[in-house]
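Trainee: FYI, in mature numbering (1 follows the signal peptide of the UniProt record, and there is no 0) the residues of the sequence shown are -23 to -1, 1 to 113.
Certain hints may be false.
Here are the simulated BS3-like cross-link-like pairs (lysine-lysine), alpha carbons at most 25 Å apart as the crow flies [what the hints assert, rightly or not]:
# : residue 1 : residue 2
1 : K36       : K1
2 : K26       : K68
3 : K36       : K26
4 : K103      : K26
5 : K25       : K103
6 : K68       : K1
7 : K25       : K68
8 : K36       : K25
9 : K103      : K36
Keep in mind the hints are simulated off the structure, nothing from the lab.
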Amino acid sequence: MSKRAITAFATALCLGAAAAAAAKPPLREVPEISDGIFTIVVANEIRKKCDDIDGRIFKGIGEIRRLRARANELGYSDDEIRAVLDSDDEKERMRARGRVYMAELGLNYDTPGDLCRLGRLEISNKSAIGALLRAN
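Can you build the whole structure from these sequences, using the hints too?
Mentor: In structure tokens:
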């Protein structure tokens, strides 16, 4: 293979990789990552606001690491992941999603005790959210 052919091949590989990277959807639109972040956010909110429920901190940290590794596998950089986690818009989007989720269960985020009821329900249902929580 000539030097010119090798250069053309390398350029094509780089352009293909750049096109693939540019074609990936925003991280917030990747369901397995977005749903995982939602699970962690809800569990953390419950943990912080309910005296009778603790978080399984190490399990939560493990889930965060798993999500980060998966996002990296999908081609997202740590900076892209951090941008989603630190975004006020994303935090508000997660809160809104949580309010809808609670409403579907007949609960209201703004009603005292409903967030704790959600936590106990998630624990009893052995859901992904409940797996990150422990009742005292």
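Trainee: Is the hinted pair K103 and K26 satisfied, with a Cα-Cα distance of at most 25 Å?
Mentor: 20 Å, holds
Trainee: Against the 25 Å threshold, does the CA-CA distance of K36 and K25 hold or violate the hint?
Mentor: Judged against 25 Å, a Cα distance of about 16 Å means the pair holds.
Trainee: Given the hint that K36 pairs with K1, does the C-alpha gap stay at or below 25 Å?
Mentor: 29 Å, violated
Trainee: Would the pair K25 and K68 pass a check requiring their Cα atoms to be no farther apart than 25 Å?
Mentor: It holds: about 16 Å lies between the C-alpha atoms, which stays within 25 Å.
Trainee: Taking 25 Å as the top limit, are the C-alpha atoms of K25 and K103 close enough?
Mentor: Since the Cα atoms of K25 and K103 sit roughly 20 Å apart, the hinted pair holds (cutoff 25 Å).
Trainee: Would you check the hint for K68 and K1, treating anything up to 25 Å between C-alpha atoms as holding?
Mentor: 22 Å, holds
Trainee: Does K36 pair with K26 here, judged by a C-alpha cut-off of 25 Å?
Mentor: Status holds; Cα separation ~19 Å.
Trainee: Given the proposed pairing of K26 with K68, does the C-alpha separation stay at or below 25 Å?
Mentor: Roughly 17 Å between the alpha carbons, so the hint for K26 and K68 holds.
Trainee: Sort out whether K36 lies within 25 Å of K103, counting only the CA atoms.
Mentor: 14 Å, holds
The earlier numbered hint that this structure contradicts is number 1, and it is the only one.
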